[in-house]
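**Student:** Taken in sequence, the protein lines are chains V and B. For the first sequence, numbering that gives the first Met the number 0 gives the first residue as 0, with consecutive numbering after it. For the second sequence, numbering that gives the first Met the number 0 gives the first residue as 0, with consecutive numbering after it.
Fair warning: there could be bad hints in the mix.
You can't tell identical chains apart in this list, so a pair holds if it fits in one copy or across any two.
No more than 25 Å apart at the CA atoms, straight line, and that leaves these computed lysine-lysine pairs for BS3-like [what the hints assert, rightly or not]:
id: 1; residue 1: 54; residue 2: 111
id: 2; residue 1: 52; residue 2: 284
id: 3; residue 1: 43; residue 2: 281
id: 4; residue 1: 18; residue 2: 29
id: 5; residue 1: 146; residue 2: 29
id: 6; residue 1: 22; residue 2: 149
id: 7; residue 1: 111; residue 2: 249
id: 8; residue 1: 149; residue 2: 29
id: 9; residue 1: 281; residue 2: 169
id: 10; residue 1: 281; residue 2: 52
id: 11; residue 1: 391; residue 2: 168
id: 12; residue 1: 1; residue 2: 54
id: 13; residue 1: 391; residue 2: 127
id: 14; residue 1: 47; residue 2: 284
id: 15; residue 1: 384; residue 2: 47
id: 16; residue 1: 146; residue 2: 52
id: 17; residue 1: 111; residue 2: 52
id: 18; residue 1: 335; residue 2: 22
id: 19; residue 1: 281; residue 2: 47
id: 20; residue 1: 43; residue 2: 22
id: 21; residue 1: 149; residue 2: 19
The set of hints was computed from the structure by calculation and includes no laboratory data.
Below, each chain spelled out in residue letters.
Protein chains: 2
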Amino acid sequence: MKDVYILGGAQTDFVRNWKKEGKNVIALLKEVTDDALKNTNITKTKIKELNTKNKIAIFIGNFAAEYYINQGHLGPLLTEVNPCFYGVPSARYEAACASGSVALDAAITKIKSGDYDLAIVIGWELMKTVDSKVGGDFLGRAAIYEKEGKGVEFPFPKLFGRLAEETVKKYNLDQERYLKNLATISNINYRNGKRNPNAQTREWFMSEKQANTRGVETNELVGGLLAISDCSQVTDGAACVVLSSEDYIKEEKLDSKDYPIIKGWGHRDAPYLFDNKIAESKDNKYILPWTRQTVEDCYQRANMTVDDIDFFETHDCFTSSEYMAISAFGITEPGKEYEAVENGTIDFNGSKPINPSGGLIGCGHPVGASGVRMMLDLYKQVTNKAGEYQIKNARNGMMLNLGGSASTNYCFIVGMKLWKK
Amino acid sequence: MKDVYILGGAQTDFVRNWKKEGKNVIALLKEVTDDALKNTNITKTKIKELNTKNKIAIFIGNFAAEYYINQGHLGPLLTEVNPCFYGVPSARYEAACASGSVALDAAITKIKSGDYDLAIVIGWELMKTVDSKVGGDFLGRAAIYEKEGKGVEFPFPKLFGRLAEETVKKYNLDQERYLKNLATISNINYRNGKRNPNAQTREWFMSEKQANTRGVETNELVGGLLAISDCSQVTDGAACVVLSSEDYIKEEKLDSKDYPIIKGWGHRDAPYLFDNKIAESKDNKYILPWTRQTVEDCYQRANMTVDDIDFFETHDCFTSSEYMAISAFGITEPGKEYEAVENGTIDFNGSKPINPSGGLIGCGHPVGASGVRMMLDLYKQVTNKAGEYQIKNARNGMMLNLGGSASTNYCFIVGMKLWKK
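Excised from the complex, chain V in its bound form (with noise of 0.2 Å):
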């Protein structure tokens, strides 16, 4: 198989509310696209010259579309954008807040198969066309909804309340501890949140303080142990990465020493209902035992291991799933994860920092988007393009996105040829 490139790419401001702006999905889109094809020198022309010859293609990412604007049929849309996009083949992937993941693994196969040389992968989505309750009520339809969302006020905060309850039952943690354990992982995404020009949350207050006082009017308790702190937020925009094949590094005389290529891919559906997961994983040492395979086959398909990974990128819609993604990351043993939460590990200047984008809580949660957003960051860390969240020897990096309670998982390893094994 040949090897698939990372050019590069781009990502909105998660700050904005584009509603508010009055600005529709074809602005997103606009904006999105015009700054990832001029960050990668890829001119209209170009692209109309790759489709004449059928080598590129549009791959989406979103979840509900349908429900926040009351749109489906989401691969065309790039034509109203700029009729450079007339005939380019285009198509829209989902699963739930995995949706950007299930994009990027179909144009990474595309052009690894050699049907396309170049893929622009666009994940989004626009949450900030309803409250937050309605908002709240559509996300339940990540869950199978006629058992786990409707008349649920908020399901999802609820359902990763239970995998932080199910998480101290199945290790015997103390609960304050693991309580205070969170509390650090939210607000390591709200630090590093704040080097991150692009990140939703990087003029919010946060402290480590106010993240482990809960139940009070200032964090409120949203689903069982988490309150407001534990919880990524709700947030509109899109990321996009261009992905191209050898060929076309070669045709256009770039040096494939300057870019990342896809080192190693995992995907994995879990039992779809949470009482079904935990009922399944009773005998394993892993509390979400299918989120660890995808990892696995992750660093079995890159000949890598954990060692070999300087920094992650991970899902944590909530605290609780941070949490779990340490030891499935193989970076402590399932029920030591604690270890490093305490001793600076997962910090930004720690040896294995995990979000230095500032994550989901952090940067922001765009829920179709964040897989694509992921893939960026990793791309920009390896590159060394990352700016003022840059972290230190960044060399290969892996990324771990989640769609509903860890019903679809899906993992990367970026990183550049250099330094593959």
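Guided by the hints, dock chain B onto chain V, whose structure is given.
**Tutor:** Using the frame of chain V, we list chain B on its own:
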């Protein structure tokens, strides 16, 4: 690239109304999956074995379960059908009425790239959960809703009614003769549907006279020139095909001569707004040039021409789209489609039969299922398993699946390896 085989599949009876039966989507998925696995001799043990090696995946085509049954994140649903699907990678693929083809495309690419050995592709839609006006509004989200759908009663009959009007205008056709041609197309599909034991309309009355008497109580006008008889109808249903790699064929000691392969594919997106489509095609001899381009790409990849294709399954969402497809396939020159309608070329016993299954008008059109249903029918014909609707000398078949007003276009050629050029 490796060959991709079709092992078989299954379709639900498109007469059925699952809501009236009190059955939900899990029941639908269970029936079609159980039937498909039985037809392809794949046991649940085999699925688990393949999954241990991470060599099996599921691809779901669906347009709008969000609207019809309040459910998104459709990939993991099969874990509710049977625990043998725990851990199996799965995702949902969407391009309105071409959703099934997006799922097929992703599955085919995964197999030819060597990522998986077995792919279960399921297209489905439950549409009878709401009345036809509400459903018509849902379907408006397959167009740009704000411009072409919102506040319009039955937007799609109107859009394809406009295709009818533009066709008459572009080729200076006699309108009465054109409408008679559409009635012939309708009647062929209904007649073909009567031979298909899974067709929605197999017990319905239709005659050429009825189809050509528009604007009366029994055949009301629904979109410009088009009447009820020109439309596919609201349908519940699912279709499944099982694809495999050559490695699977060898490991299972199957005879590769018994199974057809995917010989070609095409995928193009056209300008989203219907007005933009017509404006762009003004100086082109084809009224929908990107639909034609999709067919041409498919022929080119298969190294075939129309002469090599023995039958077609096309997207007759409306009779005007099948009329357009005749020249897109290359059966006639554009503007001369009436010849193939009037001289019997596209009849069941003609030299280039279209829709021996009955197509969307005769067999039914559960939106997300149709692409997969077409692929299943190509499989049945080329393996001589189409029973009462088997056509003669079915060596190679082509399918054309459209999304929206042909904003998404997908084409595949299926045939036995023996007949590979």
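**Student:** Could you tell me which of the hints above the structure violates, numbers in ascending order?
**Tutor:** Violated: hints 11, 13, 15, 16 and 18.
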